[in-house]
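Student: Given chain A, work out where chain B should sit, using these hints.
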Amino acid sequence: MSADVHHPATVSASTPHARRPAGPIEVPANRSWWDRHGRAVIIAMVRLALLVAALAAWQAVSGPVVDPLFISKPSAIWDKLVTWAGDGTLARNTGLTMQEIALGFLLGSAGGLLAGFLLAIVRVLGDVLEPYMIALYSIPKVALAPLFIIWFGIELKMKVLLAAVTVFFLVYLNVAAGVRSVDRALVDAVRLMGATRRQIIAKVLLPGAMGGVITGLRVAVPYALIGAVVGELVASNRGLGFLMLDSASQFDTAGVFAALAVITVIATILNLGVTALDRRSSRWKPEEE
Amino acid sequence: MGAVLEAADLERSFLKGDKRIVALRGFNLAVVEGSFLTILGRSGCGKSTLLNMMAGLLAPSSGRIAYRGQPVTGPRAEIAYLTQHDTLMPWRDVQHNVEMPLELRGTPKAERRRTAAELIERVGLSGFEKHYPRELSGGMRRRAGLARMLAAAPETLLLDEPFGALDAQLRAELQTELLRLWQGSGKTVVFITHDLEEALLLGDRVVVLGRAGQILLDTQIDLPRPRDPDDIRLDPAFVALHRRVSTALKEGSW
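Chains as they are written, first to last, in my numbering: chain A, 1 to 289; chain B, 1 to 254.
Derived by calculation from the structure, the hints in this document are not laboratory data. All C-beta atoms in this analysis are idealised placements derived from N, C-alpha and C, irrespective of residue type, glycine included. Fair warning: there could be bad hints in the mix.
Said to hold, decoys possible - To list a few chain B residues with every Cβ distance to chain A over 12 Å, as calculated:
id: 1; residue: Ser61
id: 2; residue: Ala77
id: 3; residue: Lys109
id: 4; residue: Glu111
id: 5; residue: His194
id: 6; residue: Arg244
Unchecked claim - Coverage of chain A stretches by chain B, computed from C-beta distances (three or more under 8 Å per stretch; other residues unrestricted):
id: 7; segment: 35-43
id: 8; segment: 83-92
Okay, chain A solo, but in the shape it has when bound (with noise of 0.2 Å):
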């Protein structure tokens, strides 16, 4: 057995003639202002377009149609803000309740990532409590509210940690199933090239885990803001959750309205923060057309 014979001396390791390797071309796309973003201005446009003319037939109809004790008007809500912003009640009770959901969304999130990297990472256990984390995420995280009263009573604590249970299932179990989904030949990939554990779970289970950390926080984010507000209305006196208890109660709709509105905002800042956070980690995905 004599290898050796068909090795030519001539060898060569050195760089061949310039090759392309076969693949597409690229040229550029010679594209305007307008071809890039005309689509997205118009939508844009129609988007606030639509938002006026529901604004200004709510105000059309409210009064003549139907009666503004059940549905105010815009421009009621709009003094309603007006108000509180003047006397410092928008302030304080905005500021709770982001307070709230802040602490319970990164303390849910921390609690969720590290759960569910570590159960999906030492699959036995994993394996074994998967069951009991069904479960418990299956019950109505409002249901907890009384017990939570009782063990935290009615302060922030309370809030924070009703909120932080929430997004902990929805963070845990879309993280678990992130590492899960992490094909096992990239692991093998690594294995080959002498990774230690602890190189696998930092260059492969962690970054390919991503898209599951992305959307456990993703989802998570409202349910937040459902668990601080959901808490403010079982037991408070003060927040945004409050305040509109409080509105219903003296049957201020306005007031209502204004707090649902203050909600919603921090509701739509909030997405759009996770979504920035979303574009940033997903680069290596192929853009869409």
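Tutor: Just chain B, lined up with the frame of chain A:
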């Protein structure tokens, strides 16, 4: 020249329900250092199982597999493995994929850059360093995989039908390139394929596998190098060898 990789009385079976499926049985093989060995067989003959064991991804059910006399118990840095499917990290661009084996070893960044750039150039992917795998064609992903494998500076390359999914022209191109990269490098190559011509074109020696890894034929390929894929088909020695191997394959068919 001694044997780098040695398999002795190797057996591997898998459990499926209450049945035991034997993928490979009583397998013996010695791979000569610096040689290009092709293993030819139909699907289901245990080729990939064999390679997985050589790579240390799979433990034998019984028997022994040794690399330079030491039993293979897990992946080793000296052995690189290019699988049938792409295993580039989709979240890394070409450059960072190629750098990966060096990164795992803790090679300094500047050196990683340099090695990767050189390898990317060598496999003909210059200009695509910043592209993500999904933005590349199948052939370009293979090239990137090849570059990543070479970045690990392995002594022994295990290739499992690496060009199986490519169009004929691209396959010919990559075969030529693989030979160019290998020739004179002193590296040992074990190349698995189900394509007879590919096996003869590339190898110093071809081993034809039948059912459960039974060796149907084991012969040297005494064709001069460099081999041109188009001319070699007309070479009488090639034609004779082709006939021998194809007869062996047919006799061993099940």
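Student: It remains to establish, for every hint, whether it holds in the given structure.
Tutor: Hints, one by one, checked against the model:
{"no.": "1", "hint": "Ser61", "in the structure": "19 Å, holds"}
{"no.": "2", "hint": "Ala77", "in the structure": "5 Å, violated"}
{"no.": "3", "hint": "Lys109", "in the structure": "15 Å, holds"}
{"no.": "4", "hint": "Glu111", "in the structure": "16 Å, holds"}
{"no.": "5", "hint": "His194", "in the structure": "20 Å, holds"}
{"no.": "6", "hint": "Arg244", "in the structure": "18 Å, holds"}
{"no.": "7", "hint": "35-43", "in the structure": "violated (count 0)"}
{"no.": "8", "hint": "83-92", "in the structure": "violated (count 0)"}
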